[in-house]
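Visitor: Listed below, chain by chain, are the residues.
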Amino acid sequence: MNLVTISGPPSSGKTAVILKTAASLKDRGLKVGVVKFDCLHTDDDVLYAKAGIPVQKGLSGAMCPDHYFVSNIEEVVQWGRAEGFDLLISESAGLCNRCSPYVKEIKAICVIDNLSGVNTPKKIGPMLKSADIVAITKGDIVSQAEREVFASRVNMVNPKAIILHINGLTGQGSYELGTLLADNPREVETLVGEQLRFTMPSALCSYCLGETRIGESYQMGNVRKMNLEDNS
Amino acid sequence: MMSPEILGQRTIAEITGDYPFFSSFLKDNNLDVQGNETSSFSDFLSSLGEDFQEEKGIEPGQVMEQAASYIQQMLEFLGQEDQVRSLTILPGTDKSGTPEGFDRFTVRPGETVSIVGPTGSGKSSLLGDIEWVAQSDTPTGRQILINGEVPDTSWRFSTSKKLVAQLSQNMNFVMDLNVREFVSLHAESRLVANPEEVVERVIEAANDLAGEQFSPEAPITSLSGGQSRALMIADTAILSRSPIILIDEIENAGIDRKKALSLLLTEEKIVLMATHDPILALMADRRIVIGNGGIVRVTQTTDEERALLGTLEELDQTLLGYRSRLRAGESLAPPKNKGE
Ligand SMILES: Nc1nc2c(ncn2[C@@H]2O[C@H](COP(=O)(O)OP(=O)(O)OP(=O)(O)O)[C@@H](O)[C@H]2O)c(=O)[nH]1
Ligand SMILES: [Mg+2]
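Chains as they are written, first to last, in the working numbering: chain Y, 1 to 232; chain U, 1 to 340.
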């Protein structure tokens with residue numbers, strides 16, 4: 001089974017892109033399944049099921065969603081293999097704009113939209129910078145110049161990525177993304193022993209463990225202080 | 001190919017001296033090199049410390065690799081970017097699998113082709129095929145040639161070498177900038193050599209197309225529909241690197257469409273124009289007729305058809321006249337003679 005991971009800021013168009021791409025892959029005779037990772041709530045599973053795509057969802061709740069992803073992805077891979085998918089797509093929202101649960105040697109796609117502003121590419125960390133493919137959506141609602149400026153900013157922070165413009169509503173560009181996903185598939189039997197592309201943020205302070213009170217004496221473990229400059 | 005290792009050994013001052021655009025790479029990756037200009041790029045990256053690297057999501061090896069590809073790309077982009085002298089479409093099939101109704105269609109810079117056919121008939125898949133430089137690997141089975149040859153795949157994947165610029169009907173702006181800032185931002189992203197001059201040229205050309213003038217200081221979101229269209233067309237003609245422009249209808253209000261087309265053509269663009277407007281269709285040299293997901297036929301605009309242009313333009317003027325009277329709050333009834 002081939003596996004790809006798709007991440008991107010909330011509402012950037014991941015589901016829209018996956019739905020269109022999956023439809024084009026189905027037309028080519030591939031069996032596609034999806035797993036959606038989110039934090040508190042998602043209705044994406046309903047959308048996938050409606051489109052006839054087998055789907056699993058995982059909500060991380062109080063856990064860091066990316067830690068949750070790594071702790072569960074292997075089981076999901078085994079589910080996908082048991083279901084006999086040719087391709088399993090993982091959709092996850094980039095919740096803190098830093099991380100990306102991208103795995104080495106597994107195709108990584110970042111979905112980002114034209115409306116998010118030209119400075120957004122440099123605010124997003126490895127999720128954008130270490131993606132193999134960047135899909136830019138919602139080009140239909142901005143001008144040609146804005147599309148060009150935005151794409152050049154993305155290129156600036158990730159010059160190696162293939163940049164595709166995809167319209168999540170009409171599907172323009174999704175056939176091409178499908179081709180990139182289906183080309184040179186990697187046969188994944190297990191992710192055990194594989195590595196993440198980038199480390200997760202270091203955590204584990206008293207608040208991670210459920211502390212709710214504010215104040216120095218309650219702060220234990222990995223604590224970092226802001227550097228407040230003296231402006232007087 | 002530039003080697004990341006060699007790049008890492010050079011000092012930041014040297015790299016920036018050779019490639020001025022390297023400083024924007026540093027800036028966009030949140031790397032502040034002030035005071036470190038004489039260290040080597042790789043020393044500088046290591047000196048940032050593990051905490052900083054982890055915080056910002058920076059990994060020295062990866063950054064050097066990215067810097068190398070970025071410089072390589074920019075050089076290709078500024079240097080001898082391969083010019084498009086012709087675009088050729090070889091037929092595939094329509095939705096029912098019927099072969100398309102033409103043999104080989106070639107268009108060159110300075111030519112306009114109109115695309116007609118009902119909505120949903122396959123205009124966007126034609127555009128999609130051209131953008132993707134299809135090689136019989138899309139649902140239509142069409143093949144696209146550039147300069148008569150199978151082009152290399154960089155046309156598919158490069159940001160700086162996009163084949164098609166698309167001017168859609170709803171030309172919204174989402175940025176909060178004035179006209180000059182907006183065009184400057186675009187010029188900057190295109191790394192043009194003389195940005196101020198080019199920006200002035202774009203604004204002047206846009207004002208020449210627009211029915212009502214606008215100032216460089218006007219916020220782009222305050223422009224009227226016609227003014228936005230004029231600005232986008234002038235900007236695309238002068239600042240977009242793409243050799244092919246696809247226009248999805250030019251609404252007939254607040255803009256001189258004839259001038260707009262001729263501006264694009266003097267900038268040596270191939271213009272493809274989806275339209276339902278007979279006047280625009282007649283301004284094109286040829287017409288692609290689309291139906292059922294395929295190209296039904298390609299026709300030449302005949303002299304007989306062109307002879308109609310005058311009549312149609314007159315009708316158009318009449319209609320426009322009524323429109324402006326309506327807008328001005330005047331009566332649409334013919335003016336009465338006083339003595340009656
Ligand atoms: N106009 C336009 N709208 C789009 C496009 N792509 C997606 N949308 C819309 O944007 C909204 C969000 O899209 P989703 O696909 O749900 O985004 P998402 O990234 O999956 O969102 P989450 O999974 O909730 O983070 C939906 O209303 C889509 O219809 C596009 O290319 N153009
Ligand atoms: Mg979604």
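One should not assume that every hint holds.
Said to hold, decoys possible - Short, incomplete list of chain Y residues facing chain U, as computed with Cβ under 7 angstroms: (1) K122; (2) M156; (3) V157; (4) Q172.
Unchecked claim - What follows is a list of derived Cβ distance ranges for each label pair: (5) K27/U to G61/Y: 37 to 45 angstroms; (6) T170/Y to A253/U: 21 to 29 angstroms; (7) R81/Y to Q300/U: 53 to 61 angstroms; (8) S215/U to G221/Y: 33 to 41 angstroms; (9) A13/U to R81/Y: 50 to 58 angstroms; (10) S136/U to C205/Y: 53 to 61 angstroms; (11) A253/U to A82/Y: 22 to 30 angstroms; (12) L78/U to T170/Y: 29 to 37 angstroms.
Worth flagging that the hints you see were computed from the coordinates, not collected in a lab. Here the structure is a predicted model, which means the values were calculated and not measured. Backbone N, C-alpha and C define an ideal beta-carbon position, used for all residues, glycine too.
Visitor: Hint validation: M156/Y versus chain U, beta carbon distance must be below 7 angstroms. Holds or violated?
Guide: For M156/Y, the interface hint holds, since the closest Cβ of chain U sits about 4 angstroms away, which is under 7 angstroms.
Visitor: Would you say the C-beta atoms of L78/U and T170/Y sit inside 29 to 37 angstroms of each other?
Guide: holds (34 angstroms)
Visitor: Tell me if the interface restraint on K122/Y is satisfied: Cβ within less than 7 angstroms of some Cβ in chain U.
Guide: Hint holds; K122/Y Cβ to chain U Cβ min 5 angstroms, cut 7 angstroms.
Visitor: Measuring from beta carbon to beta carbon, are S215/U and G221/Y in 33 to 41 angstroms?
Guide: Distance hint for S215/U, G221/Y is violated at roughly 58 angstroms.
Visitor: For the hint 53 to 61 angstroms, verify it against the beta carbon of S136/U and that of C205/Y.
Guide: The hinted range 53 to 61 angstroms holds for S136/U and C205/Y, with Cβ atoms some 58 angstroms apart.
Visitor: Between A13/U and R81/Y, does the C-beta distance stay in 50 to 58 angstroms?
Guide: Since A13/U and R81/Y have Cβ atoms about 54 angstroms apart, the given range 50 to 58 angstroms holds.
Visitor: Quick one: are R81/Y and Q300/U within 53 to 61 angstroms, going by C-beta?
Guide: This hint holds: roughly 57 angstroms between Cβ atoms.
Visitor: Identify whether the interface hint at V157/Y stands, where standing means a beta carbon of chain U within less than 7 angstroms of its own.
Guide: It holds, given that the least Cβ distance between V157/Y and chain U is near 6 angstroms, below 7 angstroms.
Visitor: Starting from the hint 21 to 29 angstroms, judge whether the C-beta atoms of T170/Y and A253/U obey it.
Guide: holds (26 angstroms)
Visitor: Hint says 22 to 30 angstroms; check whether the CB-CB distance for A253/U and A82/Y agrees.
Guide: violated (60 angstroms)
Visitor: Take the C-beta atom of K27/U and the C-beta atom of G61/Y, compute their distance, and say whether it sits inside 37 to 45 angstroms.
Guide: For G61/Y against K27/U, whose Cβ atoms are near 38 angstroms apart, the range 37 to 45 angstroms holds.
Visitor: For the hint on Q172/Y, just tell me whether its beta-carbon gets within less than 7 angstroms of chain U.
Guide: OK, holds: Q172/Y within 7 angstroms of chain U, min 6 angstroms.
Hint check: violations occur at hints 8, 11; the rest are consistent with the structure.
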